[in-house]
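So the chains spell out like this:
2 protein chains.
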Amino acid sequence: MRRVAVVGVGISKFGYRPDVSLPELAWEAVKEALDDARLDAKDIEAYVVGNVGGWSSEPLPAVVVGEYCGLAPSSGIRVEAACASGSSAVRTAYHMVASGEADIVMAMGVEKMNESPTPTVVEFIGRAGNYFWEFENFGLTFPGYYALHATAYMNKYGATEADLCEVAVKNHYYGSLNPKAQFQKPITLEECLKSRYVAWPLKLYDSSPITDGSAAVILASEEVAKKITDTPVWIKAIGAANGTSNLSKREDFTGLEAARLAAQRAYRKAGIDPNEPVKYLDVAEVHDCFTIAEIMAYEDLGFAKRGEGYKLAREKQTYIGGVIPVNLSGGLKAKGHPIGATGVAMIAELTRQLRQEVERGRQAPIKKGMALAHNVGGTGHYAFVTILSL
Amino acid sequence: MRRVAVVGVGISKFGYRPDVSLPELAWEAVKEALDDARLDAKDIEAYVVGNVGGWSSEPLPAVVVGEYCGLAPSSGIRVEAACASGSSAVRTAYHMVASGEADIVMAMGVEKMNESPTPTVVEFIGRAGNYFWEFENFGLTFPGYYALHATAYMNKYGATEADLCEVAVKNHYYGSLNPKAQFQKPITLEECLKSRYVAWPLKLYDSSPITDGSAAVILASEEVAKKITDTPVWIKAIGAANGTSNLSKREDFTGLEAARLAAQRAYRKAGIDPNEPVKYLDVAEVHDCFTIAEIMAYEDLGFAKRGEGYKLAREKQTYIGGVIPVNLSGGLKAKGHPIGATGVAMIAELTRQLRQEVERGRQAPIKKGMALAHNVGGTGHYAFVTILSL
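So the protein sequences, as listed, match chains X and F.
Going by the UniProt record's numbering, the first sequence opens with residue 1, and the numbers climb by one from there.
Going by the UniProt record's numbering, the second sequence opens with residue 1, and the numbers climb by one from there.
For the record, the hints were derived by calculation from the structure and aren't laboratory data.
Treat the hints with care, as some may be off.
Any copy, or any two copies together, can satisfy a pair, since identical chains are not distinguished.
Said to hold, decoys possible - Here are the computed lysine-lysine pairs in the BS3-like style, where the Cα-Cα straight-line distance is at most 25 Å:
| no. | residue 1 | residue 2 |
| --- | --- | --- |
| 1 | K367 | K42 |
| 2 | K194 | K31 |
| 3 | K42 | K31 |
| 4 | K311 | K279 |
| 5 | K226 | K42 |
| 6 | K269 | K279 |
| 7 | K226 | K194 |
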């Protein structure tokens, strides 16, 4: 396999973005990534767009976005893996470069969720669980799904609502330092605990928002990367797995089997000891669509033992200076979660972390030279774990 | 780049399929492909699903299909490139194997177009042109788009409605010999010419139908392929390109720029002289969503000079025994066009052609050992040209 480097990254302002169309929103990230890599759109040999879509009537996002950004006639396609679509875009681009098919490929993600034509975005996304059984029959939507995880977890391990809120407090704190984040106000534990319930025990501040946003990363072969940048960040490994779409088939609700499998696969390829991954990693971005999801991620990734993830939150061990800093971007929780862009934004953020060029106060100390992205789609239907290294 | 072989192929019965759900329909092709390769679902390390979707309320086809077919927890994603989604699935799987990431990967395509919830399928697909300008303002749908191509072509080169109908007659003839085809009745030139107009000069028999169907191909590395099959068919090259989504930006309407570019790229990689590709190829499957599309494909692929493609049809040079046999499966026209599956079905058909195992009367003589698939998405937004070889 050829080595593949991230040579340019860009992220749009996340939030409510009625000021731009879908291609204009994509261009914000694409331009930043091109500038970062000092490349022209014409240098991009192929591109892959992570996008779930369905929000607007434009059903071919890869075409309009690629054309607007000057990428055509290079070949571009759309990939979809629910909320992990961005990671699947990065992986698809990675394989194009790793195989030798192309030397410079762009992965991007873009989503304008606030354009949703369905009654509510929550209903639309709810269909991405198990539609015919769980959504139609039981009315399950994502706050409900993750509330089931939270109650199962709290019941089994004794975690509290305050432990969950600790995740929100941390991620809002770091989001307040990230100018691209949707939410830039720190919150207190009390504010989180007093916020209204969305699906007990999850409250408003336990939940990621509805977001418009885009992200782009440019991947290059080793030969090209060494020519165009002094700060390549390498894709060391990508682990991926799919889980069942039926809650009734799951062994338990206190973690995601697909995420555990994806982590194992990534660790094996990257030469990371799965029993002590934090010894190898400087920083991680994990899929905190709800606060309980971040706590489950700590365990699924091996940052904590099963049943002990909530202690990392309680003891503030995932702030800078702790066992492993997590979601220094603000995470899905505060940075926002434009579902097709999220996985790409994680790679963009971690590339900047490894290059030590993020804003003051949220830069992780880089000593070991590795970073991890964890991106989940559906209710654990899809999981991707990507390892970056200097 | 590692060599990649097709080691198993399957195609469902194409047609109106209310008898099966989406995953059941996929399984028909997946099972046939697994049996053909003498592999078990557990051997598949990853899978890629070509699907446009939007027909039913199930928004995560890759998950439900993969789980039903026993492919999870292997990683599966969905890819979309409009009517070329199937080819993009094959290419994505190809890069996974070529890169060394995996040794055995399945590409499949599945679509249940008859479940369309929108007023008509034609309207739904019409949005896959240029939505905001051409669809909303001018009401253009695909029969209209290809009627513009047909009138431009006929006006410039003197082709007649009968020349277009020759394509339909050929493809219905070969479809009549293909038990998987949606239409299995030959038609006469007179029947075609007398059929009602859909968008002048295109008539009912100039148009591909609305189809439910699936197809699957299993790709393997050289090492694995040589162990499990005596009849590997190699993916020699895939060329891909994107075109503009705006008709107003096109230089002319008598061909598709993206298809010409994709062909050039594929020929270069495969070592085929672009001036004489028929010297290298035994058989081709091309994207005949309308009869004019097949004639434009002859020219875009270099089977005929610009302005002379219709003569191949008039002189029956794309039957077996002619310059190059085209669409011996019946093509989109008679075999049917389940849009996410079409590109995969082309690779499955050509693999069987190269192995010389298709039905009597529609088996091409295999002397040169190469075959070509040409798959277009949108109105020339996407184009993929794939070269297979023994």
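### Query
Looking back at the hints listed earlier, which ones does the structure fail to meet?
1, 2 and 7
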